[in-house]
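Undergrad: Residue numbers (full-length UniProt numbering), protein chains in the order written: chain A, 1 to 934; chain B, 1 to 934.
Don't read these hints as lab results, they were simulated from the structure.
Hints may contain errors.
Remember, identical chains collapse to one label, so a pair may be satisfied in a single copy or spanning two.
Taking lysine-lysine pairs in the DSSO-like style, the calculated list, with each CA pair at most 27 Å apart, reads [claimed, not checked]: (1) Lys800 - Lys719; (2) Lys734 - Lys878; (3) Lys554 - Lys834; (4) Lys834 - Lys870; (5) Lys870 - Lys734; (6) Lys748 - Lys146.
Keep in mind it's a predicted model, so treat the numbers as computed, not measured.
These are the residues of each chain, in order.
There are 2 protein chains.
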Amino acid sequence: MFPRLSLLHVWFKSAYFQRLKALTPEENTRSQHGLFFQDGQRRVDYVLTYSVKKSSGSHSTRQSVHLLTENVVTRSFRHGPQSGGEKLRAKQTQRTKDSSSVHSSTVIDMELGCSGEIFNSQEDQKAFRREEFEGKLRDMGLELEKDEDGKIPGVYFVKIHAPWNVLCREAEFMKLKMPTKKVYEVKQSNSIVEKISTLISKILEPLHPHVEEHQPKNVKHLSHTFSREKQHLICMNICIYAFLAGITSLLGSGVYTAAYPLHDVSMVNKGKTIYTTVSICVIKMIFYLFPRVFRKYFGEKIGLYFAWLGLYTQMLIPASLVGVIVFLYGCATVDDNIPSMEICHPRNNITMCPLCDRVCSYWKLSTACGTARASHLFDNPATVFFSIFMALWAAMFMEHWKRRQMRLNYEWDLTGFEDEEVSNNTTDHPRAEYEFKVMQKSLRKRQKSQDKVNTLYIEKLTFQDRLPAYMTNIVMMLLMIGVTFAIVFGVILYRISTKAALHMSSSLITRNHVQLTVKTTAAIINLVVILILDEVYGAVARWLTVLEAPKTDKSFEERLIFKTFILKFVNAFAPIIYIAFFRGRLVGRPGSYLYVFDSYRMEECAHGGCLMELCIQLSITMLGKQLIQNNLFEIGIPKLKKLIRYIRSKQGAFQEEERQKKLTRYETDHFLEPFGGLTPEYMEMIIQFGFVTLFVASFPLAPLFALLNNIIEIRLDAKKFVTELRRPVAARAKDIGIWYNILRGVAKVAVIINAFVISFTSDFIPRMVYQYMYSPDGSMHGFVNHTLSSFNVSHFQDGKEPMDPSHFGYPVVICRYKDYREPPWSNTPYELSKEFWAVLAVRLAFVIVFQNVVMLMNDIVDWLIPDIPKDISLQIHKEKILLVELFMKEEQGKSYIIDSSTSTDGKENCSKHNNNSKVAPPRSRRHTNSTKSF
Amino acid sequence: MFPRLSLLHVWFKSAYFQRLKALTPEENTRSQHGLFFQDGQRRVDYVLTYSVKKSSGSHSTRQSVHLLTENVVTRSFRHGPQSGGEKLRAKQTQRTKDSSSVHSSTVIDMELGCSGEIFNSQEDQKAFRREEFEGKLRDMGLELEKDEDGKIPGVYFVKIHAPWNVLCREAEFMKLKMPTKKVYEVKQSNSIVEKISTLISKILEPLHPHVEEHQPKNVKHLSHTFSREKQHLICMNICIYAFLAGITSLLGSGVYTAAYPLHDVSMVNKGKTIYTTVSICVIKMIFYLFPRVFRKYFGEKIGLYFAWLGLYTQMLIPASLVGVIVFLYGCATVDDNIPSMEICHPRNNITMCPLCDRVCSYWKLSTACGTARASHLFDNPATVFFSIFMALWAAMFMEHWKRRQMRLNYEWDLTGFEDEEVSNNTTDHPRAEYEFKVMQKSLRKRQKSQDKVNTLYIEKLTFQDRLPAYMTNIVMMLLMIGVTFAIVFGVILYRISTKAALHMSSSLITRNHVQLTVKTTAAIINLVVILILDEVYGAVARWLTVLEAPKTDKSFEERLIFKTFILKFVNAFAPIIYIAFFRGRLVGRPGSYLYVFDSYRMEECAHGGCLMELCIQLSITMLGKQLIQNNLFEIGIPKLKKLIRYIRSKQGAFQEEERQKKLTRYETDHFLEPFGGLTPEYMEMIIQFGFVTLFVASFPLAPLFALLNNIIEIRLDAKKFVTELRRPVAARAKDIGIWYNILRGVAKVAVIINAFVISFTSDFIPRMVYQYMYSPDGSMHGFVNHTLSSFNVSHFQDGKEPMDPSHFGYPVVICRYKDYREPPWSNTPYELSKEFWAVLAVRLAFVIVFQNVVMLMNDIVDWLIPDIPKDISLQIHKEKILLVELFMKEEQGKSYIIDSSTSTDGKENCSKHNNNSKVAPPRSRRHTNSTKSF
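Build the full structure now, drawing on both the sequences and the hints.
TA: Following this line, the structure appears as structure tokens:
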């Protein structure tokens, strides 16, 4: 009755690791306790847990289940045996039936309104399903052992052992690639680069963490699809990649409470060795060891995550180097910068228009000296170079990742493995929630027309059924984005109003520190809001996706990731985008300022340009997010939990600790957190990638901070996976899936955003325009004066002029403000001047040139770097030839014995067996199961 | 001695078709003559031809060959038997040795300086190689028949027949997918679209060309890798896709003069039926029938070409429809267009500055009325819409092609077939030219150090060896592009000088028709130059690629295509790009015009804007190219040849015609042109695609012309392939290769070019800017006046003012010219005005918005349309399940009989056979050949 047979695959994965381990000596006998069945021989490959409360069975529900089951079967027969496809359909139907039976019983019971009976009947139902399921497992050749007298009250364990022949059979069925006995030498390339890297690694050898590698480096095992016929070619060191399917719905319906393979103590220790080693060649470690070790232990999916993180971190090294150099260049040239010199020069004491209405007075430009000098650090010609560099860097990263992925696919023998194969097993069957919704729908219909029960079975959700969920999704997404914008606007209002309030303060010290106070508090508020909303949005996205009820697990994951990404991305970058592109642009001009709520003037950037402010906001957000989210949350909270537990146990009783010690391995693992998927890890890194690439023009130190964070992050992740989470079921994956597309998207957007940051946020273009179009001597002298427009103070609106006009001891007639507008004495006073349009045109032209040049360069990089590394493609070629050779030998040997006469009269031979295909009766394990129900 | 065994594959392909044919009745007995061996039983699958001149053998060369051969063998042994890779190496070496023996003998003979002996020894050598090769073929199980007394003097034929069992063996070896006997029903989708299309095709049924289809539509054969063990599952209707390799170098060295499979008369007739049917549903035909019929006859590569051409033509239908609508919209609104109304209105009689120095006088704007009205046809708001539409159209085309390709791959059972497999067989072995160069190099080295012969064998060409070729390539490419630009410039000069000369003419009629005469002649000159250069560039590209000596055929083809594409593309589009973006922009202004050679003013566009001129140039180039190149060259020249032949035969002798009738099929085919690859066909279409997409903003009728051309083109191509060329060897291909990338590149460039055409070439942006920024009443009234700047005639340079200033009867003080410049009475007379910068900024902003919006929409299209059609992916899935089921049954049936005890103690079973792999001796056909030489 249980078609979720691919659950079987789960054990194969873990069983493989257990087999591997069986060869190494057991160093820790205490924790070995519980790794074997009672006979001490058979290893525990997988554990299922469930909780039971004693109850008396009621048969009413089971009856209703059977009723429904019958309907389904009838229906699937009504559809009639269609050529070929019927078995597929039967399987599908049965699965639907199966899980629907759970839900339907619940629903029907609900309608009966008898809560006590529900409980009992549910428990009964669960026990019944467990029995059935376990019986099925035994039929498939697995060995089970129940642990009814565990030390944890109310929790029961089912330990499962998969015998070797079951593994073999399953591996063959799955057409897994295995390393064969045949070993061939991988040719070492003789390039100089290789030699240097070998030399370096030799020098650093003693510093490497000591993780033994069993396999010599230059030797590779030939891999081929597992086949029992060719068993003698295949090493014992097989890799069985099996997929978990169906168990989620069993877990979801409460039949089992948990399902996990056991942690392997020697691997845990090895993992600890790695992540605790403070090695100099940290990069070598995270880049080479992590993916390989973790892949062996957790499967390709997690291995790929570490490989990706490793490559990303590795690629951050050159980026942060260049970033530091660019920053240092800014520091070095700060004294040669003519515009900031002009601002700071006391002679050029330009009187500026007031920064706020009434309370603020005119001010001297030389007071902005510090800001102007500081902004040069981030706003200099090297920045342009750096953002081109980073755009190319992102392209290179993508290309390298493709290559690395290819290389890992080859090393891990995934080259022939198709994604489709995964989807067949794990992700293509409907999710429990989806089936539940379908069930609900058919029940509703059934109620409406009581007599036509049989005809009203509903197969799938139509667009109409989903419409409310879709609408909710769209509305909620827009609402959430609206909330983000509202908060950004709120922070702006906070800044404006606080500034105005503080300006009005009588205390001189308060007034002097207005800028600092406002900026700091606003940035902190922003950060806190981002951190809170991040959590909220994560939950909202999950809720929305559940509401949407996608059919398969894969589609669920993709939709969830997409929503979460959109929300978190908007959340993280909305304030930054505001500062980069809107702040200071919607100010208006003296005499006709733009007001918010009729009283607050929109905020301006400091005289150095908005790039400086952007940089501050960016660094605070990025550093704050990383420090708080990654480090505090990931280190601090577990530490705190431990501390609390410690205090509790002291005042409580020591027996808890005692009991902990006596617990078997499978009981210890039961207390760990379940593995929640890689989405949060990837998401964190993608947002960071956004910080590194999107606004890198304004903050060249971003890659450095990211690098430092990642070196910590990678260790924390490793620790978390090894010690704090239940061992996840090994999943096979060929690539990082949707994340690659998101990365590409971010890299594409980065090009445009950087183009705009350079041309609009920075003063690069106005400087260039002045130097080449307006400067009388081709130098930057006079640039500051050129960028300032004049305002006749008599044109101030009533009630907006400064209260203290003679602040400097003389009456101000003309004040200056930063804009390109006509002077008061022109025919069209305060209109945008020709310079404005010229600068705008050049800015836009720069965007076009930058974007297209960078895109072209990206395409060239894409074209120059082949997706498959040359040595890998050569090796794949070589392997193929060797394999053909190997099997030709085999075939030859066989054909001599069995059929030596087939090739003499081939033509007849080709056709004469044609009618045999229907003779052999079906007796495949997989299909007998699905056909039994008929 | 001949390792080019994959030549064998050639016959399998053709043999397959012959087998197919064997089932259909032979309607034409005359042309059947020569289709069989003398026994009338064995079919001729493939033909090799060679020419022999009687000569006496000389043994000197053969000796030298053996000397060299020995060296090679010694060397390959010196390298030592390396694990696994040795056979590969041996094969490689042998191949090198093999072809090098030809060249080396030539080279050595050359050095001996004895030309007579060369001839004889060469003939001798060829005969020797032929004997050896044919012996080898017989060893492989093929049957050969020589036709020594043919009717064509000096030409000898070797007819080859491949017995069925050889085909079976080879098919298995190649792991070809075959349709099995197992047929399953393809579920018809019930969507409304499908129903409508079925209805339509039913209605049009009688109009379809009558080409029978043997296979019912809704049924598909399960396909699986060919295996002799599973032979009984496989239909007789097998498809053997075999690849030609090595024969090129045998042909190149003159051992054979030609190698081709025979044309199949019934297929030829069927093909004729198709391409001669003047059917209403021409599209259905080219879209559905051509690819399928031609794929069956010529293999997937040509099938894919027709499928691509079909899809392209099909996609052109909506494009040309929209294009016509846009054009009609222009026609309909021409009378409502305010700017042209203003120009034509006699009241607005604006005096314009003279169009040329001295001889031209002032002119009235109203004389430009006609041009202004005409230019509205192509320069109206609908144009913007159309170019966005076309950019999306290109993206859709790409996406649809991906889907179509996937569908065809599925239908043609190529889904599991990897490109790599092709490259292994056909394209991965070094080309003869490459080997010759390597040989030359090693001979040079050998001469330098006579004693160290053995150590100086050179394996490959280094970058240093190739440097001269690379340099020549770069220089020549730049030179060729330079030539193109020079010619464009020459035509410009022609236009300028002719115009000036004609203006000076005393005849009024001449002067009145200046514009027309100059434009027409210039466009014709341009066209002729393009046509001539196209041929020249094709030759140059080939020569350069030969010079470069790429290692493999694949790389040769790609490099050739790349070079040819660059040169032809530049050639076709350079004049157009000049008109679109440079003409009229480098004019200067009255009083300071820009002069070429100090005397000729740069040319301006007519008052309607350059878009009109661009349109004229584009249509002349495109139509001219298509009419002349495609139709005249492809229809006219063959007809002419036929005519000449007919005249000759009349005055000559009738026996020629008589003999022609008596010729066997293989002799007739020998007189046809050899198949030269698909490159010219694709290239022609890609250039056309460029015309359709790149400047479509200026010429909305381009898709229509392309469509009309293609409907003719596809028939001409079909005719050419079926009747005028030797039957090409069927080649397997999964995609259209480098062409897809080129198409993508063109589509990408099209977005940018269209953005620039709309914003810079057309008057769209100035109109918008005027309407929304400057117009007093928000209408277009006054636009013409706004775009004209004023010039004070007293500011003319000396000697440049018009000779006849009082042309209109009154002295002109202020004349107007089209530009945004300050008036003479401003502070900065004739400087670019604020309006100029404002318009420029808006133009650039439009480019950015257009480019990014279109790119985003392309990405969305890319994302929305799945690469694999849903029904195909479902079917692939279903097929897989059915196949597994089928083979499970098989296995089950077998395992009952043979090994019923294996699964009881699996673990031992897994390991106990491990050492058997070395037992069976190698006796594979493929590898015995390569090992024999040791």
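Undergrad: Each hint should be assessed against the structure and marked as holding or not.
TA: Hints and how they fare:
For a Cα distance limit of 27 Å, the shortest separation of lysine 800 from lysine 719 qualifies neither inside one copy, at 61 Å, nor across copies, at 85 Å. Taking identical chains as interchangeable, the C-alpha atoms of lysine 734 and lysine 878 lie at most 27 Å apart whether they share a chain (22 Å) or sit on different chains (22 Å). In this assembly of identical chains, the alpha carbons of lysine 554 and lysine 834 never lie at most 27 Å apart, being 56 Å within a copy and 57 Å across copies at closest. In this homomeric assembly, lysine 834 and lysine 870 never come within 27 Å of each other (Cα to Cα): the closest approach is 56 Å inside a single copy and 57 Å across copies.
In the homo-oligomer, the alpha carbons of lysine 870 and lysine 734 lie at most 27 Å apart both inside one protomer (19 Å) and across protomers (22 Å), since each shortest distance falls under that limit. Taking the closest pair of Cα atoms, lysine 748 and lysine 146 never come within 27 Å of each other, the shortest separation being 55 Å inside a single copy and 64 Å across copies.
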